[in-house]
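Residue strings, one per chain:
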Amino acid sequence: MRSSRYGAGWRRSLRSPADREPLPAGVEWVLRVGLPADQREPIGGDLAEDYAARVQRDGRVRALAAVWLQALRVAWRFTWDRSMHGRPLPPIGDEIRRGSFWDALRQDVGFGVRMLRRQPAFAAVAVLVLALGIGANTAIFSVVDAVLWRALPFTRGDEIVALGEARPREGRVNGPIAPADFFDWRRDSRSFAAMSAYYETAMNLTGRGEPERLRGLAATPGFLAALGISPPAGRDFAPDEEMYGHHRVVLLTDGLWRRRFGGDSSIVGKSVTFDGNPYEIIGVLPSRFWWPTRPELLVPLALDDHDRTLRAAHFLNAIGRLKPGLSVAQGREEMAIIGRRLSAAFPAENANHTTSVLPLRDALVGDTRPALLVLLGAVALVLVIACANVATLLLARATTRQKELAIRMAVGGARMRLVQQMLTESLLLAILGGGAGLLLATWSIETLRRFLPAQFAALPGIDGLGLDARVLGSALVVSLCTGLAFGVAPALVASDQRAGRALNDAVRGSSDGGRGGRLRTALVVAEVALSLVLLVGAGLLMASFWNITDVSPGFRPAQLFTTRVTLPSARYDDHAKAVAFYQAVIDRLRSAPGIERAAATSAPPFSGVDARLNLEVKDRTIESQFPVRAHPRLVSEDYFQTLGIPLMRGRVFDNRDRAEGPAVAIINQSAVRRFWPDRNPLGERISLGDPPRWMEIVGVVGDIKHEGLDAEVAPEVYMPLPQEFAALGAGLVRGLSVVVRTSGDVVSVAPLLRAAVAGVDDQQPVGMIRPMDDLIAQSVAPRRLNVLLLSVFALVAVALTAAGLYGVMAYVVAQRTREIGVRMALGATPAGILGLVLRQAGGVAVTGIAIGLAGAYLFARLLTSLLFQVSASEPAVYGAVCAVLAVVAFVAIMIPASRAARVDPLVALRDS
Amino acid sequence: MTVAAALGEFEQVVLLAILRLGDDAYAVAVQNEIQRCTGRELSRGSIYITLDRLETKGYLRSRLADPTPERGGRAKRYYTLRPVAIEALKESRRALVALWRGLETKLA
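Chains as they are written, first to last, in our numbering: chain A, 57 to 968; chain B, 604 to 711.
Incorrect hints may appear among the rest.
[What the hints assert, rightly or not] Where chain A lies over chain B, by a calculated footprint (3+ residues, C-beta under 8 Å):
1) 622–633
2) 645–654
3) 676–684
Simulated from the structure, these hints should not be mistaken for lab results. All residues carry an ideal CB built from backbone N, CA and C; glycine is no exception.
Using the sequences and the hints, build the whole thing.
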């Protein structure tokens with residue numbers, strides 16, 4: 057009353073040019089907004105008086121600052137006081153609302169628990185939905201964190217870099233290096249505390265029980281220093297041990313030392329036979345030693361004097377440790393200078409490539425990063441949908457509690473206090489959901505670990521995958537944020553009711569609180585839209601996967617088995633001996649029962665083994681925008697027939713192609729297309745790599761996929777096994793794979809293969825025998841996992857959305873029962889009522905789908921790198937997804953809609 | 604439960620200051636009086652809030668004076684104590700005096 061009596065005068069006075077100093081308009085506004093109506097005038101007057109006095113005393117600027125501060129503090133005090141304590145009540149009962157935050161919390165938690173126990177179905181559904189969202193997020197987060205974010209298992213791992221060659225024109229980074237380049241880098245660079253070249257190797261352990269083929273790493277001295285590791289027993293490689301002749305030393309991993317040497321503490325200094333040569337054991341690596349390829353032993357990478365000068369054969373990888381305080385960029389800069397100098401000095405070999413310096417993690421993680429981030433994004437969307445879902449549940453529940461809330465506010469409950477209590481309930485739900493989610497995550501991580509494709513095993517952190525403090529912490533944070541996310545809006549909406557109206561409505565038992573209803577609709581629209589985004593993502597990946605598995609590898613993989621047989625250089629010291637070994641094995645296999653064909657090759661498809669060399673054509677310069685390079689394949693006579701590679705022109709290798717015969721080669725169709733697009737290549741003479749050796753092209757065979765079904769086929773040059781090929785070093789012929797085509801399975805093939813090898817050389821172990829189908833399946837395994845996970849997420853999303861749609865429509869129908877009854881009493885038909893409800897719900901679904909389409913298009917563009925022969929805007933996928941979602945939505949809506957159509961007007965009207 | 608039990612220390616201070624000021628008790632004067640007697644630096648906000656709450660609780664009565672040009676045409680709000688406040692002050696004084704009795708030597 058006071059405010060109305062004086063309000064008008066006060067307002068006038070704001071405008072009047074009082075002879076004193078009028079308050080600044082901003083301050084007036086603050087007071088208007090922040091103070092209760094009856095306090096505005098006297099407090100405004102006090103401030104005006106102060107202000108005028110200060111202007112006289114301290115000047116206008118200081119006075120302005122002081123009055124602003126004063127106004128803000130007073131407004132804040134009133135706002136805070138009112139929101140925390142509500143409207144002050146008379147003394148009686150005042151102390152009931154006093155009490156600390158913790159008392160309130162205890163009260164709220166107790167109340168929340170009672171509320172949830174009273175509605176167990178609601179609690180169970182909400183906890184289950186949250187558990188799905190939080191559990192899936194925790195599981196995916198644990199993988200992403202382990203692979204992308206957690207520190208590498210090395211001391212100061214951020215100083216370690218992967219060094220390699222970049223070939224910008226071919227779009228390659230961090231490719232393998234030629235030995236001569238590496239030694240120049242190591243000599244000239246100043247940024248690195250250690251630098252080491254390495255390649256993967258495998259060695260046959262003999263003389264100690266069963267011969268065994270062991271995975272190893274050949275590395276120049278400095279490898280352990282670069283990783284920051286020193287052997288707890290024994291010593292690291294000495295600098296001269298990278299010279300051929302001084303290299304017969306070996307470092308055992310802790311695992312191998314325990315497994316094959318019984319943890320013998322006096323092992324250092326003893327001798328052991330690898331590949332038929334005695335090696336001195338100089339040390340044992342610490343048990344925490346980790347390297348992606350999981351080598352079991354480390355030997356020096358020792359090249360002979362010739363191989364050390366190779367500049368065109370690229371087969372080394374390298375790592376380095378930056379000196380403390382130097383950044384990757386500084387290391388990169390220095391290496392670029394060295395690279396440019398080498399390009400100028402050796403234009404023939406080095407013109408097309410520069411150096412690349414990558415943080416080791418980036419090099420190890422490589423292509424996996426985008427896929428993991430897409431999964432993390434997708435699973436976050438699932439959580440958002442789960443939040444929206446629980447929020448709609450809470451909103452529906454809040455309307456049933458309108459009466460309770462209205463009464464509490466009418467007796468002076470502060471709005472903030474009510475919001476706090478409702479938020480406590482949300483957080484309680486979120487924490488329960490988070491707990492259940494953790495159980496789900498534990499199970500999911502175990503399952504994931506079992507289904508992780510082999511490629512993932514090489515990623516950092518995969519070994520330690522599981523629930524650790526970081527993952528638990530993230531789950532807790534996600535749970536709390538989730539609780540706030542789905543709790544705040546319903547709490548604010550529910551508490552924002554004019555007490556009187558809500559009371560009346562509650563008594564009448566009608567009305568769907570306007571803002572609550574709109575918010576619920578918006579949440580369901582969002583759910584539909586996000587589900588569509590996920591469905592489109594899953595659909596595009598699925599289409600890509602179908603396209604890939606539809607790609608023919610160019611040969612017949614069924615009933616094809618392959619195994620690598622690596623011969624020790626001690627006993628097979630020249631080309632002829634090695635060839636004779638493989639030939640003898642092939643002959644034995646051919647006569648074995650059930651084996652249809654057998655062959656040997658240096659690089660079977662999908663094996664990961666490959667090389668590339670410069671290609672020259674006699675008397676001709678090839679004009680090409682691409683570097684003129686081809687992939688060499690050393691193959692035995694029956695190779696094409698064994699794999700089922702079609703001959704397109706000329707002939708395949710036969711017994712004419714002996715060691716002493718004229719050098720010949722067969723090329724694939726890609727080579728023809730690229731280098732002989734308009735002429736017949738048969739009879740042309742080509743040379744691969746260095747030293748030059750001219751070979752006549754005698755045949756053209758069909759393209760086969762080598763790296764993967766989704767990879768382009770590169771030009772390939774096949775050379776007959778008996779004819780010596782030195783450009784890749786003499787070791788090439790000692791590491792061939794045997795390929796057999798059988799009528800049996802892997803169980804029947806394995807003994808035959810082992811017997812054939814043992815029949816020729818009983819000291820020779822055989823590697824793992826793999827069906828070609830498995831190798832191909834493994835090559836698409838990461839894609840399969842992506843498709844699988846994204847599909848699961850999309851299904852969960854659709855299920856949640858359907859539940860959300862159903863819930864909202866069921867609620868709306870229940871709220872409108874009386875109205876529907878009236879309509880029917882006035883002559884509306886059940887079909888009309890059905891149409892009414894369907895139109896309303898259909899509007900929600902269609903709006904969601906429309907918004908989702910736009911979102912899906914944006915999401916699909918993030919997926920581009922994962923797609924194969926599918927455009928990010930593939931209409932068929934979008935169409936199919938919209939149809940699926942529309943059908944699901946229709947079913948979810950039909951149930952409540954048909955219930956509405958069955959409303960009995962008499963019953964509806966009587967009940968109301 | 605006695606009414607005096609609800610009186611906080613700061614509430615007592617404010618009530619006493621109003622009593623001392625007599626007919627001239629408005630927020631700024633109350634703040635100055637407390638500062639003069641106790642040396643306490645107070646924020647204006649806490650004075651306003653306390654006055655507001657004491658009035659709601661029924662300890663104070665307020666009236667608006669005529670607007671003055673010095674205040675930009677705004678009225679002053681003057682406060683006076685209701686009898687219940689006098690009772691409450693007496694009660695808390697009695698309680699304090701009782702507690703003080705016999706402690707003069709220890710706290711001198």
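Each hint tested on the structure:
Against chain A, the segment 622–633 of chain B contributes 3 residues with a C-beta closer than 8 Å to a partner C-beta. That satisfies the three-residue criterion, and the hint holds. With a threshold of 8 Å between beta carbons, the proposed coverage of the segment 645–654 of chain B by chain A holds, since 6 of its residues qualify and at least three are required. Only when three residues or more bring their CB closer than 8 Å to a CB of chain A does the claim for the segment 676–684 of chain B stand; here the count is 5, and the claim holds.
Going through the hint list in order, the structure satisfies each hint without exception.
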